[in-house]
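**Student:** Quick note, the sequences are listed as chains A and B, same order.
Quick note on numbering: numbering that gives the first Met the number 0 labels position 318 of the first sequence as 317, and the sequence is numbered without any gaps.
Quick note on numbering: numbering that gives the first Met the number 0 labels position 145 of the second sequence as 144, and the sequence is numbered without any gaps.
If you're looking for bench data, these hints aren't it; they were derived computationally from the structure.
Since the structure is predicted, the reported quantities are computational estimates derived from the model, not experimental observations.
Incorrect hints may have been included.
[As the list claims (entries may be wrong)] Derived contacts from chain B toward chain A, CB cut-off under 10 Å, selection only:
{"#": "1", "residue": "Gly140"}
{"#": "2", "residue": "Gly196"}
{"#": "3", "residue": "Gln212"}
[As the list claims (entries may be wrong)] The calculated label-pair distances, taken between Cβ atoms and stated as ranges, are:
{"#": "4", "chain 1": "A", "residue 1": "Thr158", "chain 2": "B", "residue 2": "Glu138", "range": "20 to 28 Å"}
{"#": "5", "chain 1": "B", "residue 1": "Lys10", "chain 2": "A", "residue 2": "Pro258", "range": "46 to 54 Å"}
{"#": "6", "chain 1": "B", "residue 1": "Ala39", "chain 2": "A", "residue 2": "Glu220", "range": "48 to 56 Å"}
{"#": "7", "chain 1": "A", "residue 1": "Ala287", "chain 2": "B", "residue 2": "Arg159", "range": "45 to 53 Å"}
{"#": "8", "chain 1": "A", "residue 1": "Asp310", "chain 2": "B", "residue 2": "Leu284", "range": "39 to 47 Å"}
{"#": "9", "chain 1": "A", "residue 1": "Glu220", "chain 2": "B", "residue 2": "Arg159", "range": "24 to 32 Å"}
{"#": "10", "chain 1": "A", "residue 1": "Thr158", "chain 2": "B", "residue 2": "Gly190", "range": "25 to 33 Å"}
{"#": "11", "chain 1": "A", "residue 1": "Glu220", "chain 2": "B", "residue 2": "Pro70", "range": "35 to 43 Å"}
{"#": "12", "chain 1": "A", "residue 1": "Arg344", "chain 2": "B", "residue 2": "Asp161", "range": "37 to 45 Å"}
{"#": "13", "chain 1": "B", "residue 1": "Lys10", "chain 2": "A", "residue 2": "Arg344", "range": "48 to 56 Å"}
All residues carry an ideal CB built from backbone N, CA and C; glycine is no exception.
Protein chains: 2
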Amino acid sequence: MIELGIIGLGKWAGVLARAAASSDKLRITRGFSRSAGTRASFASDFGIDCPDRVEDLLADPALQGIILTVPNELHLEYALRCAEAGKHVYIEKPITQRLDEALSLRTACEAAGVRVFVGHCAKLLAGVQAIRQHIDAGELGDLCLLEGHFFNPRALSLTREDWRWYQDKAPGGPLSQIAIHQLDVQRFLGGPVASVGATSARRSPARPEVEDQWLLSLVFESGALGSIGSSWTAAGVFDIRVVGTRATMHYRIDQTLWPTAGRLHESATLTLQRQGQAFHQAERLPVAAGDMFQDELERFAEAIGGRPQPDFDADYGIEILGMVEAARHSDRHQGARVDLREFVRQGLAKGAPIDRNIGSHT
Amino acid sequence: MIELGIIGLGKWAGVLARAAASSDKLRITRGFSRSAGTRASFASDFGIDCPDRVEDLLADPALQGIILTVPNELHLEYALRCAEAGKHVYIEKPITQRLDEALSLRTACEAAGVRVFVGHCAKLLAGVQAIRQHIDAGELGDLCLLEGHFFNPRALSLTREDWRWYQDKAPGGPLSQIAIHQLDVQRFLGGPVASVGATSARRSPARPEVEDQWLLSLVFESGALGSIGSSWTAAGVFDIRVVGTRATMHYRIDQTLWPTAGRLHESATLTLQRQGQAFHQAERLPVAAGDMFQDELERFAEAIGGRPQPDFDADYGIEILGMVEAARHSDRHQGARVDLREFVRQGLAKGAPIDRNIGSHT
Chain A
0 MIELGIIGLG KWAGVLARAA ASSDKLRITR GFSRSAGTRA SFASDFGIDC PDRVEDLLAD
60 PALQGIILTV PNELHLEYAL RCAEAGKHVY IEKPITQRLD EALSLRTACE AAGVRVFVGH
120 CAKLLAGVQA IRQHIDAGEL GDLCLLEGHF FNPRALSLTR EDWRWYQDKA PGGPLSQIAI
180 HQLDVQRFLG GPVASVGATS ARRSPARPEV EDQWLLSLVF ESGALGSIGS SWTAAGVFDI
240 RVVGTRATMH YRIDQTLWPT AGRLHESATL TLQRQGQAFH QAERLPVAAG DMFQDELERF
300 AEAIGGRPQP DFDADYGIEI LGMVEAARHS DRHQGARVDL REFVRQGLAK GAPIDRNIGS
360 HT
Chain B
0 MIELGIIGLG KWAGVLARAA ASSDKLRITR GFSRSAGTRA SFASDFGIDC PDRVEDLLAD
60 PALQGIILTV PNELHLEYAL RCAEAGKHVY IEKPITQRLD EALSLRTACE AAGVRVFVGH
120 CAKLLAGVQA IRQHIDAGEL GDLCLLEGHF FNPRALSLTR EDWRWYQDKA PGGPLSQIAI
180 HQLDVQRFLG GPVASVGATS ARRSPARPEV EDQWLLSLVF ESGALGSIGS SWTAAGVFDI
240 RVVGTRATMH YRIDQTLWPT AGRLHESATL TLQRQGQAFH QAERLPVAAG DMFQDELERF
300 AEAIGGRPQP DFDADYGIEI LGMVEAARHS DRHQGARVDL REFVRQGLAK GAPIDRNIGS
360 HT
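So here's chain A without its partners, still in its complex pose (with noise of 0.2 Å):
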């Protein structure tokens, strides 16, 4: 059983705190957040243990590892401390704000041998796994389309008070918070991405500083075609279609049961639309019980255990990172399409020296 602490207690916090509540592998032991009141209502209701100060749970020689669901531009600040402290460090995506800054963040983990694994779940949704084993058993035939669509209402109801409102804090705003699940998505099912196009509007009546609609081309180093499309002022959708020269899979949960991943099977639909089929004609495939957010949590336990995961680590993050920065890239240059491998080489070479950074946690 692998000891883990938390940092940062807000919502969250509680998501994985219940995934986590319900494994064999793992128990989260203690938590931090810098507010008491909110670390006493965090260790009221999941009864774990909350010291007043970060120090004391670093310290903690139980604990093999750190789960940070604190903002994202805090991300790198509490991962450098962790790795200072000898703790394998779990990341909510994106892995940090800026290509340089995961670098450094990479670098100082390796120094310290301590590992990163970021927190990109969505790949490991029920139907994303069943979406992936029939394109390798060949059913789907030679890949040509891959389109996903995560849409929640978040911008109607943003207002400054909340970190997502600015732009420094959650870039792109659905872009960088929930359009980064199916760049993950389809990077695991279409392989390496070779450009990245989009184009974004700001339709929300609250009128955030970031952008509410993402719209995203990706081409694949194998010559397929990606598309994802994100909102934040809709319904809430969670989708994604693979189109083969076969068959096409489409697949849709329950985007409202999102932080309740548990229950998505019970709504989920999974499809399998041959050649010549209509889509109501379609093999309608069941859906495996299932719970992203304890498999992730599992997995980094399995990390901490020595066992690689390259689907989740340092490198996985910063390629991801560099689509959402990329599309941000592109946007700004007339949606004109960005040679992804080139954008992060670039990207990762603007980072200050990695001792400055620790330097100042010290």
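Dock chain B against chain A, hints included.
**Tutor:** Coordinates of chain B only, in the frame set by chain A:
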């Protein structure tokens, strides 16, 4: 009862002849194909007189209009012949192959006092009309994102014997052949388009000259975004999703029934998903029976009768063709967004003087 002739007696002529047969506003009384065998079988199948010479059809004083179902590259030539003969002309989409040709056609028809009607039928689908009514009633709120797909497996079976194999005959493959219907639908639902971006790919093992996958990104003048995916290697899909700040509507038909439009309502689905609702809890709306092909032919008859049809006239056809051409231009330029108004203006200006085109047929 309006009497019409039809030129080009391939598969699509049969679709329109069946749609016309049950109309009480028009009838098709004469047909022409360059192939004697095709003329004979069409005459036999539909009881329609098919003279040996196109001149006989064009000179028939009983005919008030001509339906052109010839390959795209012949649209201009035959439309000009109709204009010379003083016949109103129905042209299958796209209006012509190039914008300069469309300008020639429009000018010639205006000079001859005949109306041009372009067969942009998809907006007449019952579900598209229903979405438009819900938009107009304010039930969706402000529009944010429109998404449409049109897939079929055409490229899997293309051969060099088919004009659709060739880039100069079916430019962009599915782009000018089926995605164009989604451009019509999105223009109808979302209003004028400000810019177009596009990315294409070739995935068909048959390897036709044309691209077989397209992703389009539209920015509407309203500020909303539009996304269109089109594949020529896929099981049949035609759907449209419209995201507004109050609700999302989704309409799906059985694409394999496209040529038998009168049956589409039997298996079509139309849903209204309000904010807070999951998709499977969305309101399921009835889909009215209808036949978009009969509807468009009757609108052509109304145009002949003097009632303007601005959603089907030459200017409309030029606007939609402009989007097709802008998408190809964007794809050749790394997918960067193309300003539609400026692009169309330049495309129209490239044309040869109209007299020269007219002259080639006298």
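**Student:** Of all the hints numbered above, which does this structure not satisfy? Sort the numbers upward.
**Tutor:** none
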